[in-house]
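Participant: Each chain, letter by letter, is given below.
Number of protein chains: 2
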Amino acid sequence: MATLTYPNLLEIDFGAIKVLGDALERNGISRPLICTDKGIVDCGIFDTVRGVLPNDVSPSVFDGTPSNPTEVAVRQALALYQDNGCDGIIAIGGGSSMDLGKGVALTTRHDGPIANWSVINGGREKIGKAPPIIAIPTTAGTGSEVGGGCVIITEGGQKVVIVSPNLLPKMAICDPELTLDLPKLLTAATGMDAMAHCIEAYLTPVVNPPAAAIGLDGLERVVTYLKRAVDDGHDRDARWHMMMAASEGAMAFAKGLGAVHSMSHAVGADEELRLHHGTLNAVLLPTVLRFNADHVGEKFVRLRRAMSLADDADIAEWISEFNAALGLPKNLGEMGVTADMVPKLAAHCMTDACHFTNPKQPSVHEYAEMFGEAIS
Amino acid sequence: MATLTYPNLLEIDFGAIKVLGDALERNGISRPLICTDKGIVDCGIFDTVRGVLPNDVSPSVFDGTPSNPTEVAVRQALALYQDNGCDGIIAIGGGSSMDLGKGVALTTRHDGPIANWSVINGGREKIGKAPPIIAIPTTAGTGSEVGGGCVIITEGGQKVVIVSPNLLPKMAICDPELTLDLPKLLTAATGMDAMAHCIEAYLTPVVNPPAAAIGLDGLERVVTYLKRAVDDGHDRDARWHMMMAASEGAMAFAKGLGAVHSMSHAVGADEELRLHHGTLNAVLLPTVLRFNADHVGEKFVRLRRAMSLADDADIAEWISEFNAALGLPKNLGEMGVTADMVPKLAAHCMTDACHFTNPKQPSVHEYAEMFGEAIS
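Chain order of the listed sequences is X and U.
Quick note on the working numbering: the first sequence kicks off at 1159 and runs consecutively.
Quick note on the working numbering: the second sequence kicks off at 1159 and runs consecutively.
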């Protein structure tokens, strides 16, 4: 049976941030915890958002979000939330800040180790109500603003996926103005995250035609606008469409994701390498597309159409060249991943929630082979 | 600013009706009012649905839904709802039963003439909470199961559009099994309603890329499967895809609709003619497409692609021929609409909620001209 759900409310446009006051009032939030990171504070975006907060709202601020959110950081932010009697969350930033915000919302009312609430441990059914979240993305990639999922590194070092409709932000405020000064490399890497979402979601065997259509539409936007946004960060049209594509990518992954994500979650759990999720997805996409090619029916035809490619174009090859044109790494080897890490990485993949919706379920041996290919 | 909202939860598949018990429990409904019509009772669908109701649920039944729902019928059903202490609504049927169910949900907590709550009178902002609705479509066309809107003929004879997120069914249960025995002509007419939704929604100037993508996907399904469903009602694939297309059409019209609908609402308000909404949309589509052709930018290119038409194909002409192949009337004249009715019809259009999102706002004179063309 096909089950279709969609996010509640998204505002997108230059200047959309002005609706924040209304959003707080509508959701009964007067003492928000703002979850963000030091980069957002340093670049002035935090001040921009703070500037539109109504006078009667007194926020607390947690700006210690790590580049991949951890259970430790969630607990720190939770303490602030509880000490200050907060009644809702504003998450400002990339996927990390938004995922951290969801982690805080979860832990306000759900005790025990965060892994207890992961998809693998049946969290989707067990997670109850949580305080309201308003999500304000400052990158165009993760789409976490329209999803009920988050990825958190546990105290045990595992990267776990937690998903619940109760963690879906009540509102996503997508203001492309906030992305105009995003550096080239981060624009490229987050944009490729959106592409990975659109492609992987479309390819899962889960039946959800509206999500599939949205994914193809998002993919077309990424192919049309990402290079423009990288070349000229102040190309406002390109920034608008990339912001839209990012949200569309996450709306699409209501269909689930696949092995690109199980592999990038595995690598991304390494706290020493501290690798960027979107960059990992970009680099892993060609390898996984080749692995899936014989298990997706006619879907590559639709992908090619959305990407304006010739009927016989090699999609994997095209993405490798696109990555290069965007200035992204060529392979995992360039990013510091070595052959000796592969057995542990491959084992990690087998327990990742995204593994189960890949068109073809890879064995641990096949994951190891894919890592081998992606390293060199 | 672009505001995007989507329905909450939709289950689609053969046998989906089995989740009704769960749906009631999840929404706290133990004494539902079932809103339906005599046709649904006579053909046995009502018994099918009743058969899956849990034993501890005691429904009341209103089976007097007219072919275009009226305020009078809403008040009758409301009396039953109140007399029996109901706590929610199950709407089973085509658009009429579902719209009537929404009217009942509205009037349980909103007093005064129903027209007070219309879009034109600012209802969208004024309408508060309403009891939960579970929608079970038995046709594939209206898409009312995933929309927060309904169209009701007031006691004054006006066809008013009422829209609120609070009237959105908590859950849509789309079971194509219920449509297998739908007669050919009703299959054709409701299917063309879905096509009109997909096309009109896509063409409005409202910015909502996910809705646009869903509309194009729905359109492709209608073009691919409607004739098959008409030719062989038990073509299960065709019935599944038409049911999906119908929901997609209504998800798309989160973007609004246009002059096809303002015109068909005007004609449909005539209680003596009692014309079918989907048939009217089918017949009006070519005329309105010709009117809009120069005001939609490059959008016809996308429509042709979704419809698998040649680059220079005349979409309006194609739809006229498709209507003929489906056995639908050729024009409004065949349906009993005469030239003397035109001034009143044209005036009605100017106050219809859909008028304002047509790509080009027609004048009352232009509406009269379009009616003239569509009659002959």
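Keep in mind that the hints were calculated from the coordinates and are not lab data.
Here the structure is a predicted model, which means the values were calculated and not measured.
Mixed in with the good hints, there may be bad ones.
No copy is singled out in the list; a pair is fine if it fits within one copy or between any two copies.
For lysine to any residue, the following SDA-like pairs were computed, each having C-alpha atoms within a straight-line distance of at most 25 Å [unchecked claim]:
{"hint": "1", "residue 1": "Lys-1457", "residue 2": "Asn-1166"}
{"hint": "2", "residue 1": "Lys-1196", "residue 2": "Val-1381"}
{"hint": "3", "residue 1": "Lys-1488", "residue 2": "Leu-1236"}
{"hint": "4", "residue 1": "Lys-1176", "residue 2": "Val-1365"}
{"hint": "5", "residue 1": "Lys-1284", "residue 2": "Val-1500"}
{"hint": "6", "residue 1": "Lys-1457", "residue 2": "Val-1381"}
{"hint": "7", "residue 1": "Lys-1502", "residue 2": "Leu-1338"}
{"hint": "8", "residue 1": "Lys-1457", "residue 2": "Asp-1393"}
{"hint": "9", "residue 1": "Lys-1196", "residue 2": "Asn-1324"}
{"hint": "10", "residue 1": "Lys-1457", "residue 2": "Arg-1267"}
{"hint": "11", "residue 1": "Lys-1196", "residue 2": "Thr-1266"}
Participant: Hint by hint, say whether it matches the structure.
Facilitator: Comparing the hints with the structure gives:
1. Taking the shortest alpha-carbon separations for Lys-1457 and Asn-1166, neither the intra-copy value of 29 Å nor the inter-copy value of 27 Å comes in at or below 25 Å.
2. When the C-alpha separation of Lys-1196 and Val-1381 is checked against a cutoff of 25 Å, the pair qualifies neither within a copy, at 31 Å, nor between copies, at 52 Å.
3. In this assembly of identical chains, Lys-1488 and Leu-1236 lie within 25 Å of each other by CA distance neither inside one copy nor across copies; the values are 39 Å within and 66 Å between.
4. For a Cα distance limit of 25 Å, the shortest separation of Lys-1176 from Val-1365 across copies, 19 Å, qualifies, whereas the shortest one inside one copy, 37 Å, does not.
5. Proximity of Lys-1284 and Val-1500 under a CA criterion of 25 Å is satisfied in neither setting, with 33 Å inside one chain copy and 59 Å between copies.
6. In this assembly of identical chains, Lys-1457 and Val-1381 lie within 25 Å of each other by CA distance both inside one copy and across copies; the values are 17 Å within and 19 Å between.
7. Taking CA atoms no more than 25 Å apart as the test, Lys-1502 paired with Leu-1338 passes in neither setting, with 39 Å inside one copy and 52 Å between copies.
8. In the homo-oligomer, the alpha carbons of Lys-1457 and Asp-1393 lie at most 25 Å apart only across protomers (24 Å), although the nearest pairing inside one protomer, at 32 Å, exceeds that limit.
9. When the C-alpha separation of Lys-1196 and Asn-1324 is checked against a cutoff of 25 Å, the pair qualifies neither within a copy, at 27 Å, nor between copies, at 40 Å.
10. In the homo-oligomer, the alpha carbons of Lys-1457 and Arg-1267 never lie at most 25 Å apart, since the shortest distance is 42 Å inside one protomer and 48 Å across protomers.
11. Taking the shortest alpha-carbon separations for Lys-1196 and Thr-1266, only the intra-copy value of 23 Å comes in at or below 25 Å, while the best inter-copy value is 51 Å.
Violated hints for the displayed structure, listed by number in ascending order: 1, 2, 3, 5, 7, 9 and 10.
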